[in-house]
Every structure is written in C-alpha cells, then in structure tokens.
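S.K.: Next come the chains, spelled out residue by residue.
Protein chains: 2
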Amino acid sequence: MTTFEIAKKYVELCKAHQNHVALETLFSKDVVSVEAAAMPGAPAELRGLSAVLEKGKQWMANHEVHSASVEGPWPHGNRFIVRFSYDVTNKPSGRRMQMDETALFTVEGGKIVREEFFYPTEG
Amino acid sequence: MTTFEIAKKYVELCKAHQNHVALETLFSKDVVSVEAAAMPGAPAELRGLSAVLEKGKQWMANHEVHSASVEGPWPHGNRFIVRFSYDVTNKPSGRRMQMDETALFTVEGGKIVREEFFYPTEG
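Which chain is which? The protein sequence lines are A and B, in order. Counting from 1, position 100 in the first sequence corresponds to residue 100 in my numbering; the numbering is continuous, with no gaps. Each number in my numbering comes from the position in the second sequence (counting from 1) with 123 added on.
It cannot be assumed that every hint is accurate.
Claimed, not checked - What follows is a set of in silico ranges between Cβ atoms, one per label pair, in the way DEER data are often shown:
no.	chain 1	residue 1	chain 2	residue 2	range
1	B	Gln221	A	Pro43	37 to 45 Å
2	B	Thr125	A	Ala68	26 to 34 Å
3	B	Leu176	A	His63	39 to 47 Å
4	B	Met124	A	Arg95	51 to 59 Å
5	B	Ala161	A	Ser69	31 to 39 Å
6	B	Gly217	A	Ala51	51 to 59 Å
7	A	Ala16	B	Ala167	41 to 49 Å
8	A	His63	B	Asn185	44 to 52 Å
9	A	Glu5	B	Glu194	23 to 31 Å
10	B	Lys180	A	Thr121	44 to 52 Å
11	A	Asp100	B	His143	25 to 33 Å
12	A	Ser69	B	His140	26 to 34 Å
To be verified - Derived DMTMM-like pairs (lysine to aspartate or glutamate); straight-line CA-CA distance at most 20 Å:
no.	chain 1	residue 1	chain 2	residue 2
13	A	Lys9	A	Glu115
14	A	Lys15	A	Asp30
15	A	Lys8	B	Asp223
16	A	Lys8	A	Glu54
17	B	Lys180	B	Glu158
18	B	Lys131	A	Asp100
19	B	Lys132	A	Glu101
20	A	Lys15	A	Glu122
21	A	Lys8	A	Glu24
22	B	Lys180	B	Glu224
23	B	Lys131	A	Glu101
24	A	Lys9	B	Glu224
25	B	Lys178	B	Glu158
26	B	Lys131	A	Glu122
27	A	Lys9	B	Glu245
28	B	Lys178	B	Glu168
29	A	Lys8	B	Glu168
30	A	Lys29	A	Glu45
31	B	Lys132	A	Glu122
32	B	Lys138	B	Glu224
33	B	Lys178	B	Glu238
34	B	Lys138	B	Asp210
35	A	Lys8	B	Glu224
36	B	Lys234	B	Glu147
37	A	Lys55	A	Glu115
In case anyone wonders, no lab produced these hints; they're calculated from the structure. All values derive from a computational prediction rather than experimental measurement. A virtual CB, placed ideally from N, CA and C, is assigned to each residue, including glycine.
In isolation and in its complexed conformation, chain A is listed as follows (with noise of 0.2 Å):
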C-alpha cells in the first residue's frame, strides 16, 4: 500500500471505532508513539505496539467517548496528518473535556513507523 492508501485505511478504521484494528493491521511492532507533552504516570514517548496498544486500552477505560470525529488524511510525501476531534468524560475525574488535536505519521516499509500528536499544552 502507498502511504495515502495507508492513511486513508487508518482513518477509514478509526471513523469504524476500530483503533485497534488499524493498530494491529497498518502499524509497525517497533512504532514510536510521542505525545506533545509527559502526563503523570505517562512518559511523552512510548516504544513498540504492545505499549502503544496498552495506551489505547487505558485511554479507552478511563474515558466515556460521547461523541469523536476524525478528519483527513493529508499526505506529504511518506507522511499524513489526521485531525481527531472528541467529546470525553475522563472517569477518574468525572471532567467532561473536548479535545482537539492533529497527529502527524510516518511510513516505512509499508507500516506506520512513528506517531506524534499535537496539542497545546501551555496556555
């Protein structure tokens, strides 16, 4: 697959609410996972798919997703950005928070080699 056709794919699975599908089938098993900042417990840069695929699941049971909608991809070259847009209640917290961020991959080899997302993290 080329990386539009890699992209396209990705989005096409995350609109289908199965992140993990598209983890499983399109990412690399030494992918790097960087986040725009650390949070607590958390460090901004996780390595290989089993972490990157543990995050999702910790995201997904500390969060109630009332409604998500995914944009995109753009390509350039052996990269594309999406745009993830959600409307979440953090459980632990009880906080109802939208988020709004991009995330920027690059290919290699047929696979998504690195994913970092951007977000605002000062005000």
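Assemble chain B onto chain A, guided by the hints.
M.R.: For chain B alone, coordinates are given in the frame of chain A:
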C-alpha cells in the same frame, strides 16, 4: 517567542489576511517551503524567504478567494500544524475549487525555518 506563541501569531496574521506580514516577521530568510507535489513550472521545494514571498504573490494574483478559514495551531515541541480551507477560483482556468490542506511548520532560533504542505496528490 515560544513555538506556540509564534504559531498563534502566525494563525492570527493569516486570519487577518496578513500572510505577507507573517512571512516577513516570523519566517527565517533561509526558510524552506515544500509542497506535497511539484506543479507545472513550480518545483515542490523552494528555498529562501524571497522565493516564498514571490510564491504567495503569484498565488494571490492567480486566485480569487471567496472564503478562507485557518484552524489551529496544534503544537508539538518545536513544530506546529495549521489547517487551511479555501474556496477559490483559479483565474487562468476559471475553475472554482475547494482546497483543504494542512501544513507542518518547524521553528528554530525563534523563526519558522521550514513549512511543509500536506494534501492528496493521487486518487
């Protein structure tokens, strides 16, 4: 200015249709600008602020802008992403088109040193 401050200033100037002011004040004179694909008569990659200013001038001369929106910025370290949506008519062809693209900017030494535009170039 931090990367996020530069990013917010960039978006603010674009929203005010002051793109040339953004270029002149926020960009390095050695900026590199990379399109997702080369266009007829225009290489994908341009180097230097004067070439980038000229590209913008040519684009404005060749397009009638009916509406434009700029969303973001979404920062991550020394980079940020912005989304552009345009409804324009290409003057030479008379063709009206909706453009929806994202751009990834890289900041070094307090100036934008690289801009990369993301959009589909294949079906």
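S.K.: Given the hinted pair B:Lys178 and B:Glu238, is their alpha-carbon gap at most 20 Å?
M.R.: holds, 13 Å
S.K.: Within 51 to 59 Å: is that where the Cβ-Cβ distance between B:Gly217 and A:Ala51 falls?
M.R.: Because 53 Å falls inside the window, the suggested range holds.
S.K.: Measure nothing beyond the straight line between the CA atoms of B:Lys131 and A:Glu101; if it is 20 Å or shorter, mark the hint as holding.
M.R.: With a Cα-Cα distance of about 15 Å, the restraint between B:Lys131 and A:Glu101 holds, given a limit of 20 Å.
S.K.: Taking the beta carbons of A:Ala16 and B:Ala167, is their distance inside 41 to 49 Å?
M.R.: At 34 Å between Cβs, range violated.
S.K.: Does the alpha-carbon distance linking B:Lys131 and A:Asp100 stay inside the 20 Å limit?
M.R.: Given that 20 Å is the threshold and the Cα spacing comes to 16 Å, the pair holds.
S.K.: Mind checking the alpha carbons of B:Lys178 and B:Glu158 for me, to see if they're no more than 20 Å apart?
M.R.: OK: B:Lys178 and B:Glu158 at ~11 Å, within 20 Å.
S.K.: Kindly confirm whether 31 to 39 Å is satisfied by the beta carbon distance between B:Ala161 and A:Ser69.
M.R.: Given range 31 to 39 Å: holds, Cβ gap about 32 Å.
S.K.: Please check whether B:Lys180 and A:Thr121 have a Cβ separation lying inside 44 to 52 Å.
M.R.: violated, 35 Å
S.K.: With the threshold set at 20 Å, check whether the alpha-carbon distance from B:Lys180 to B:Glu158 stays at or below it.
M.R.: holds, 16 Å
S.K.: Taking 39 to 47 Å as the hint, is the beta-carbon distance of B:Leu176 and A:His63 inside that range?
M.R.: holds, 45 Å
S.K.: So if I understand the rule, the pair passes when the alpha-carbon distance is 20 Å or less; does B:Lys234 with B:Glu147 pass?
M.R.: holds, 10 Å
S.K.: Tell me if the straight-line CA distance from A:Lys9 to B:Glu245 falls inside 20 Å.
M.R.: holds, 15 Å
Hint violations for this structure: numbers 4, 7, 10, 14, 16, 20 and 29, all remaining hints satisfied.
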